[in-house]
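Chain A is already provided as a structure; the job is to place chain B on it using the hints.
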Amino acid sequence: MLLSKTLKLHAVIPLLCLALGFSGCARSADDRPPGALVVALESGPTNLDPRYATDADSERIAALVFDSLARPDRSFRPQPELAASWDAPDERTFIFHLRRGVKFHNGKDLTAADVAYTYRSALDPRNRSPKRGILRFIESVEANGAYDVRFRLSAPFAAFTETLTLGIVPQGTPVDGSGLVGSGPFSLEEFRRGERIVLKANPSYWNGAPRVSGVVFKIIPDAIVRVLEFRKRTVDLIQNYFEPDMLPWLEHNSRAVVSSAQGTNFQYLGMNLEHPILKHRAAREAIACAIDRDAIIRHILKDLAVPATGLLAPQHWAYESSVEAIHFDPDRAKRLLDEAGFPDPDGDGPLPRFKLSFKTTNLDLRKRIAEALKEQLARVGIELEVRTYEWGTFYADVKKGNFHLYSLEWIGVVDPDIYYELFHSASVPPNGNNRGHYRNLEIDMLLERGRREMSIDKRRVIYGEVQRILARDLPYVPLWWWRNVAVMQRTLRGFELYPDGNLISLRRISFATPAG
Amino acid sequence: MKRFLLHRILLLLPTLFGAVTLVFILIHAVPGDPVEAMLGETASSADKAALARELGLDQPVLTQYIRFLGDLAKGDLGRSLYNQGSVSALIATRIPATLELTLAAMAIALLIAFPLGILAARRRGSGADRFALLFSLFGLAVPNFWLGPLLMIAFSIQLGWLPVSGRGGAAHLLLPALTLGMAMAAILTRMIRSGLIETMHEDYIRTARAKGLDERRVWLKHALRNSLISVVTIVGLQFGALLAGSIVTESIFSWPGIGRLTLQAIQTRDYPLVQGCVLTIAFSYLAVNLATDIIYRIIDPRITYED
Chain A
98 MLLSKTLKLH AVIPLLCLAL GFSGCARSAD DRPPGALVVA LESGPTNLDP RYATDADSER
158 IAALVFDSLA RPDRSFRPQP ELAASWDAPD ERTFIFHLRR GVKFHNGKDL TAADVAYTYR
218 SALDPRNRSP KRGILRFIES VEANGAYDVR FRLSAPFAAF TETLTLGIVP QGTPVDGSGL
278 VGSGPFSLEE FRRGERIVLK ANPSYWNGAP RVSGVVFKII PDAIVRVLEF RKRTVDLIQN
338 YFEPDMLPWL EHNSRAVVSS AQGTNFQYLG MNLEHPILKH RAAREAIACA IDRDAIIRHI
398 LKDLAVPATG LLAPQHWAYE SSVEAIHFDP DRAKRLLDEA GFPDPDGDGP LPRFKLSFKT
458 TNLDLRKRIA EALKEQLARV GIELEVRTYE WGTFYADVKK GNFHLYSLEW IGVVDPDIYY
518 ELFHSASVPP NGNNRGHYRN LEIDMLLERG RREMSIDKRR VIYGEVQRIL ARDLPYVPLW
578 WWRNVAVMQR TLRGFELYPD GNLISLRRIS FATPAG
Chain B
1453 MKRFLLHRIL LLLPTLFGAV TLVFILIHAV PGDPVEAMLG ETASSADKAA LARELGLDQP
1513 VLTQYIRFLG DLAKGDLGRS LYNQGSVSAL IATRIPATLE LTLAAMAIAL LIAFPLGILA
1573 ARRRGSGADR FALLFSLFGL AVPNFWLGPL LMIAFSIQLG WLPVSGRGGA AHLLLPALTL
1633 GMAMAAILTR MIRSGLIETM HEDYIRTARA KGLDERRVWL KHALRNSLIS VVTIVGLQFG
1693 ALLAGSIVTE SIFSWPGIGR LTLQAIQTRD YPLVQGCVLT IAFSYLAVNL ATDIIYRIID
1753 PRITYED
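Chains A and B are the protein sequences, given in the same order. Counting from 98, one number per residue, gives the positions in the first sequence under our numbering. Counting from 1453, one number per residue, gives the positions in the second sequence under our numbering.
With the rest of the complex left out, here is chain A (with noise of 0.2 Å):
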């Protein structure tokens, strides 16, 4: 036919021929190399080199193939990993014993010289680390022999334990992402950014092989479609991330194993301090009292969260327990206000106590949590102003203490001296975190008290006093801690659930039957 000759073989066909030209050099997105898991991600890891791995994607994948001296357990204390051993002459010295027979995934021995370059790695500027920020108190690092290190501190600081988990690279890899190679029990076969990540399991692993071939992670910024891919079982496990409105859809469309355990992500409503009202201790109480966490965690979050009591969770070494989870009670909000100065011009009429803004993502979950919190609180006389913003703004104004109320979540707390970051009057931007400007003398001393000490006991006693003033304090209003949920096929076993969302039993994990 003239109309097939004019235009699907003068401007159609090369149109496809070119687009399926491009299609034939490109990797099938289904390779699934026989008996490895497939993982979906939402954004995925932005660098896996160890020295550099900060977000939670590129820390949980890198330590999959990257040992560290040691890791934290369950309760955040740390435990011996390539470090069998480690003393402390005095308070500023730690010598580490390794693990011996260790080996890199290229068949090197890992030694102390590789520890040491690592830590002096990601300490020198020139490298531009983000990590040299928290590796700060290491004065020195040197190998003593083959297989001890030594590290020397600029003072006395317990949370230096937390910065055994950096994974550790062979001495002379380079800081440009090329040739990574680790010790771990996965090796990093690829790493396309954005799109995939493939693991290939070690099998002469120190601590036991891993029992499948390999892991892909799979990166699907989609919400539905992550699930949709679970539902053709191209995808046998994600973990967290997934819409709370989507769990009982999979669990009845797709014969899905769901579990879920507490996790320690912390959300909190952060408050001005300095602003005339929020000052008053009151006033604060009265908004903590004023919030029903248990609807919103019910009814927005579909019970993906439990109450919290402060930013520690309870499997935390450091959790104080005797600090109790503030109650839903809007008669005590009311009383509070009037007792403070503030009360209703018109009883239950329309016009406010007062008024505040607040600040938040302009995510759909964050705005229907908004919406919660502006009905909820307009209950007691306090009218909420909702301001929803892109991230970078929404942030950028938060660091600037350009608020009244906003709401964030504290993720990846190991140490308890987070709360010097947080809460040290000496930690106002841009020296710290403290952004609601609480200031407190004892809290202070106590918090400087902690870092010195290298006892877990004692620190424990300091903690748990910090903890009591700052539930009495309320510089933050705890809100709840997010529960990690799973989402796998029914062929999967050994996944466990870790408090801080780790992946670490990947290299437990097995299929009942052949993948795929």
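Since the hints were made in silico from the structure, they are not lab data.
Within a straight-line C-alpha distance of at most 20 Å, the following computed EDC-like cross-link-like pairs (lysine to aspartate or glutamate) qualify:
#1 1500/B - 1485/B
#2 464/A - 482/A
#3 497/A - 1488/B
#4 471/A - 428/A
#5 497/A - 371/A
#6 399/A - 389/A
#7 471/A - 443/A
#8 471/A - 445/A
#9 452/A - 436/A
#10 1500/B - 221/A
#11 399/A - 461/A
#12 496/A - 1485/B
#13 399/A - 342/A
#14 329/A - 348/A
#15 496/A - 1499/B
#16 496/A - 1488/B
#17 464/A - 391/A
#18 399/A - 348/A
#19 496/A - 1493/B
#20 297/A - 287/A
#21 1500/B - 518/A
#22 497/A - 1493/B
#23 399/A - 472/A
#24 297/A - 156/A
#25 555/A - 188/A
#26 497/A - 1485/B
#27 452/A - 382/A
If you want the ones that stay clear, here's a sample from chain B, every Cβ over 10 Å from chain A, calculated:
#28 1476
#29 1579
#30 1582
#31 1678
#32 1741
Remember, predicted model here, so these are calculated numbers, not experimental data. Using N, Cα and C, we set each Cβ at its ideal position, and we do this for glycine too.
Chain B alone, transformed into the frame defined by chain A:
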């Protein structure tokens, strides 16, 4: 033709300069600090100041702008804040995927629009015409973020014929290309239909018929060719829009192209990468417009640009 080309390229230069300047201003206006993005919030003030000095961020904006133009002239788009890789190299790895998707979307749009548009024009007022109008209404009204998942549920989950997402062979390409090309198919169908209907009333069509030419030849050779100018305009504009608009489709289908890289760069506050991606999209748009102008000239040699 040489003079024509030179004229068009000269006209392109101020537009390019404007786009580059706009991107520079926008990147400097958005909230956020590239130094903090690189060194993290725990970095000391001294380290942050040293890096700002090293990157020239402590210089006046005008100095930074001149340096930016100089680097750009050398093809240097800077380095990604996160993996230290070259932005140009990162973008280069994503261009094939975006071109593949865009070309396939264009091909699908043409394959749908030409037969449907011609059929609708030839049988004006018939069921086929009403279907074509309904189709174009649907194509224009349906957003990609809704159509994509709908196609996935139908063809990947229910029928099991195609993969859900990702880039691979031709099977992976079909659903994202259809999603991206649907709006363009709708616009083109309408354009072809109305263009043909209008052209069929021209004198030369009556003459062609009077000469005793076969009706199909009249429609396809005389009418269609003469109504192509407006279609080429739309195809050119839409092709540029497809390149820029693939952000949503690429995100839905986990397609590793420029659109997704842009979104990822925005989410991770990777400023040099955002800048590089936006410039690439702007340059592609301008290049497509230039190509459209050249095609005009080939289709209709009477076209000149001397006002």
